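*Asks:* Whole structure, please, built from the sequences with the hints as guidance.
So you can see what is in the structure, the chains are spelled out below.
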Amino acid sequence: MSSLYQQRKNVIILVMIVFMAVYIIRLFYLQVIDDSYKDDAMRNALREVIVHPPRGLIYDRNDSLLVFNEAAYDLMVVPKELHDFDTVDLCNTLDITKEELLKRLDKARKYSPLLPSVFEQQMSKEDYGYLQEKLYKFPGFFVQNRTLRSYPSAIAAHILGYVGEINDAQLKKDSYYQMGDYIGISGIEKSYEEELRGVKGRRMVLVDVHSRVQGSYKNGEEDIVARQGSNLWCTIDAQLQKYGEKLMANKRGSIVAIEPSTGEILCIVSTPSYDPNLLVGKQRSKNYTALLHDSVNVPLFNRALKAIYPPGSTFKLANGLIAQQEKVLNRNTIYNCGGGYRIGSHVIGCHHSGPTDLIAAVRSSCNTYFCRAFYNTVSNCRTIQEGYQIWKNHINQLGFGQCFNTDLPYESKGIIPSVEYFNRKYNGSWNGNTIVSMGIGQGEVCSTPLQMANLLAIIANRGYYYKPHVVKAIGSKNNPNRRYAQKIDAGINSEYFEPIIEGMKLAITSGTARAAAIEGIEMVGKTGTAQNPHGNDHSVFACFGPADNPQIAVFVLVENAGWGGTVAAPIASLIVEYYINREIKRTEVEKRILELSIK
Amino acid sequence: MLTEKKQILSKGFDTYLIVIYVLLVIIGWFTIYSSSYDANDSFSLFNTDKAYSRQFIWILVSMALAVVLLLIDGRIYQNYAQYIYYACVLLIVSVLFFGTEISGAKAWIKIGSFSIQPIEFAKFATALMLAKFFCEGKTTSEKKNIWLFSFIIILVPAAIAILQKDTGSALVFFSFIILFYREGMNENVVLFGASLILVFVLTICLNELYTIAIITVGFIVAWIINRNQKKKIIRNILVYVLLIGFVFAVNFAYNSILQSHQRQRIDTILGQSIDPKGADFNLNQSKIAIGSGGFFGKGYLNGTQTKLNFVPEQSTDFIFCGIGEEWGFVGSLVIIALFMALIIRIIILSERHRNVFTRIYGYGVASIIFFHLLINIGMTIGLVPVIGIPLPYISYGGSSILGFTILLFVFIKLNDA
Chain A
0 MSSLYQQRKN
10 VIILVMIVFM
20 AVYIIRLFYL
30 QVIDDSYKDD
40 AMRNALREVI
50 VHPPRGLIYD
60 RNDSLLVFNE
70 AAYDLMVVPK
80 ELHDFDTVDL
90 CNTLDITKEE
100 LLKRLDKARK
110 YSPLLPSVFE
120 QQMSKEDYGY
130 LQEKLYKFPG
140 FFVQNRTLRS
150 YPSAIAAHIL
160 GYVGEINDAQ
170 LKKDSYYQMG
180 DYIGISGIEK
190 SYEEELRGVK
200 GRRMVLVDVH
210 SRVQGSYKNG
220 EEDIVARQGS
230 NLWCTIDAQL
240 QKYGEKLMAN
250 KRGSIVAIEP
260 STGEILCIVS
270 TPSYDPNLLV
280 GKQRSKNYTA
290 LLHDSVNVPL
300 FNRALKAIYP
310 PGSTFKLANG
320 LIAQQEKVLN
330 RNTIYNCGGG
340 YRIGSHVIGC
350 HHSGPTDLIA
360 AVRSSCNTYF
370 CRAFYNTVSN
380 CRTIQEGYQI
390 WKNHINQLGF
400 GQCFNTDLPY
410 ESKGIIPSVE
420 YFNRKYNGSW
430 NGNTIVSMGI
440 GQGEVCSTPL
450 QMANLLAIIA
460 NRGYYYKPHV
470 VKAIGSKNNP
480 NRRYAQKIDA
490 GINSEYFEPI
500 IEGMKLAITS
510 GTARAAAIEG
520 IEMVGKTGTA
530 QNPHGNDHSV
540 FACFGPADNP
550 QIAVFVLVEN
560 AGWGGTVAAP
570 IASLIVEYYI
580 NREIKRTEVE
590 KRILELSIK
Chain B
0 MLTEKKQILS
10 KGFDTYLIVI
20 YVLLVIIGWF
30 TIYSSSYDAN
40 DSFSLFNTDK
50 AYSRQFIWIL
60 VSMALAVVLL
70 LIDGRIYQNY
80 AQYIYYACVL
90 LIVSVLFFGT
100 EISGAKAWIK
110 IGSFSIQPIE
120 FAKFATALML
130 AKFFCEGKTT
140 SEKKNIWLFS
150 FIIILVPAAI
160 AILQKDTGSA
170 LVFFSFIILF
180 YREGMNENVV
190 LFGASLILVF
200 VLTICLNELY
210 TIAIITVGFI
220 VAWIINRNQK
230 KKIIRNILVY
240 VLLIGFVFAV
250 NFAYNSILQS
260 HQRQRIDTIL
270 GQSIDPKGAD
280 FNLNQSKIAI
290 GSGGFFGKGY
300 LNGTQTKLNF
310 VPEQSTDFIF
320 CGIGEEWGFV
330 GSLVIIALFM
340 ALIIRIIILS
350 ERHRNVFTRI
360 YGYGVASIIF
370 FHLLINIGMT
380 IGLVPVIGIP
390 LPYISYGGSS
400 ILGFTILLFV
410 FIKLNDA
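Going line by line, the protein sequences match chains A and B.
Numbering follows numbering that gives the first Met the number 0, in which position 480 of the first sequence is assigned residue number 479; successive positions increment by one, without gaps.
Numbering follows numbering that gives the first Met the number 0, in which position 413 of the second sequence is assigned residue number 412; successive positions increment by one, without gaps.
Because the hints were derived from the structure by calculation, they are not lab data.
Since this is a predicted model, take the numbers as computed values, not measurements.
Among the hints, a few may not be true.
Calculated cross-link-like contacts (lysine-lysine; reagent style BS3-like; alpha-carbon spacing at most 30 Å) [as the list claims (entries may be wrong)]:
hint: 1; chain 1: B; residue 1: Lys231; chain 2: A; residue 2: Lys136
hint: 2; chain 1: A; residue 1: Lys217; chain 2: B; residue 2: Lys49
hint: 3; chain 1: A; residue 1: Lys8; chain 2: B; residue 2: Lys231
hint: 4; chain 1: B; residue 1: Lys109; chain 2: B; residue 2: Lys49
hint: 5; chain 1: A; residue 1: Lys102; chain 2: A; residue 2: Lys199
*Replies:* Here is the structure:
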């Protein structure tokens, strides 16, 4: 008997030990071998909160603030952490429909079940306060602080650009971004995105089963502090920019002003424009669509960089330079103007007549003179093709027919046709007279206001330029932007500029551009009229001043305003006057321009 | 004087058991403290809002009671076993009428701000009653009915527990099968019980037709192997019919009697549920907490899963999660080792003891503690269904620690006699 019980006692103890051995093996598996539970635990309790750094601020060249940041709040969702919640309550709180809610959750889930996605963007402080009290009812949701751009003086919209939510294509290209992040979409915001965005930080927080934040993880040891983006200093002069926009109100066109000695853009106006504050926050996409579909004003279109016009008479300056460089003429060469340039039965008319030298030709914008000069330039070689190619190389060196590819967004190249183009167009049989209208800035040639302003900077510098750009310093004002510090030779000897400049001075004092004269500043300028087959001609004026120490080179184009001397010249001279004197003495001129409205 | 008094108390009392008991209780308190730890709160042992301070009071009461139990004459237990049992049965019946419902089970009596769960004391009373019944029943040679009566003794409190919707506690009473086995119950009965469990699992995991097919194949194979032994054929056919009947009973009970959450729990443990946020959410969280502990654990008060309430009932039924998370595999091993040392020590002492009453009672104590250990830890690591019973001496709860203290110290006292 007792041996039976002894045996059963042993069976009992053995079975117990076997059970516990199984448990210990299981525990060993769970705790030591299988690592997935550690990840699960991290995922459970640790939430990585991305800390979005504020974007860098943007100042003008005189430290006045152009762009700063304002606080906003994004409601984020982590789909995997969602539990059942009162959808009606959330819909009412955010004022969205249930379909919208389901759609957004679906989108978030498609992006990633584990990473946070933006569910509701840019809530106001009031909405945020209201939601925060209820947030515990919606596990899986949390609020992230964001900053929104704000533009205190609402100028230079095209150049500053705007930021918006990143799109799928950009998201795939750069792993720095997550869905819902903001990225610079145009202007400086885009070209200096990497400087402005800063470095994202991260906070590891512990959340409980209801997704409520319970504190930091390991006292913040593993947190990464967000670094604010670098501040930028623009080359723009905010006051000048503002003044330029004021002058261009109710007109279409653009002003580009460059500091010749540096290539810094002092102001760049394109009208009609828009208030950059429209493209911020919740209303951004609505406003954007409205601006995009405004086919009358096309406010998003940056005329200063993208619009191409026949440059008109101001182009004669370039041709005068090239003709001298190619030794086709010199400052004393005289052509007789008989009131027009004759090609067979066709005549390109001219407003004046008589024997004309280069200075006088510039002063009175003689068509005959520059047609001949151009004809002689391109006909200076064995074949027209060779001659034209030489001219084309010069004009490219002067900045035409190409982009500067600086920090300015979306430039147009303009049009300088190739030899092949003319060969094709005229079946190989063409000569200098076929294309002679290019000599006076008409015909096939087209340029942008920026290129024309750059030509003026070259003339002011007597032969070289710096690529026009809009950012002066990055991070600190003492850290100049060196990307565009390379001096570029325009391929024209400096002595050839003197007769051109001489003629331009005379144009101001006694020629076509008397409306641009400013007391106390010796101005150098040239009018132009860009032919417009669709309506009234565009009024064009290019100038720089003061003549012996050029501080500003300006190009102005006002669409449909007719002859260059009437509208563009006063505007350009007001810009010069304002920039140099910081006050306007010619108040009647200013008043006339401000009241002028051209549709 | 002092040493003399100490001598009286510890003379003959088993020091191993007392040391293990004290260790488990201390570990339990520290784990409860950790699971309700909040760095922002001030520490106070006597603030009854805090689980750890309430438990501290219960531990003091339990230890005082332990000393009293060691001083009382041990003979009263054998003499009054049946009265203690009847009183406890009456008490748990009265809970059915006057009790308070807490988390689905009507198993509590409220006294002031404390709640008592009488079923914890019924375990002790039933162990006493069985001990008395076995040691006296044998002398009156009612051998035929002894198993019937002993089953009735455990079925009464178990049935009442089921009426209280406290299935976990009801199951605890079936742990006395270990005791029955030791006292000579036919091992075929135990095997039959085991095959019932197997059939139960198969019926739910597969379906009734497959299960019947498997049983039938099993019996045909057994018959072919043993076809020369003809004498037990009738009994085997009877067993076969019973098992088939059991399949249908389980099927019916599962689909028609069980409530959906119970069904889900069973499904989950048997791997039938694949909804990660559904029924096995708690179990999953429990496994994550334990599994994330690693070899040495995250360190005391550093558990994230238990501290941030991912684990349900973390200071009561799922307290093992806190140990597994903060002390890792090493801590889990220590706990299991302490319990096994306690249980095996009780069994060895029981076997050694000359008094049959003490021996049987000792087996009862070992059975109950082992069953709790098996179910409680098993459910936290996903090896048995989630059945809400506490981990003895460690889980939060006054009734639990009092009940288990009485259970153990009565044995220590009896063992000393």
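*Asks:* Looking back at the hints listed earlier, which ones does the structure fail to meet?
*Replies:* 1
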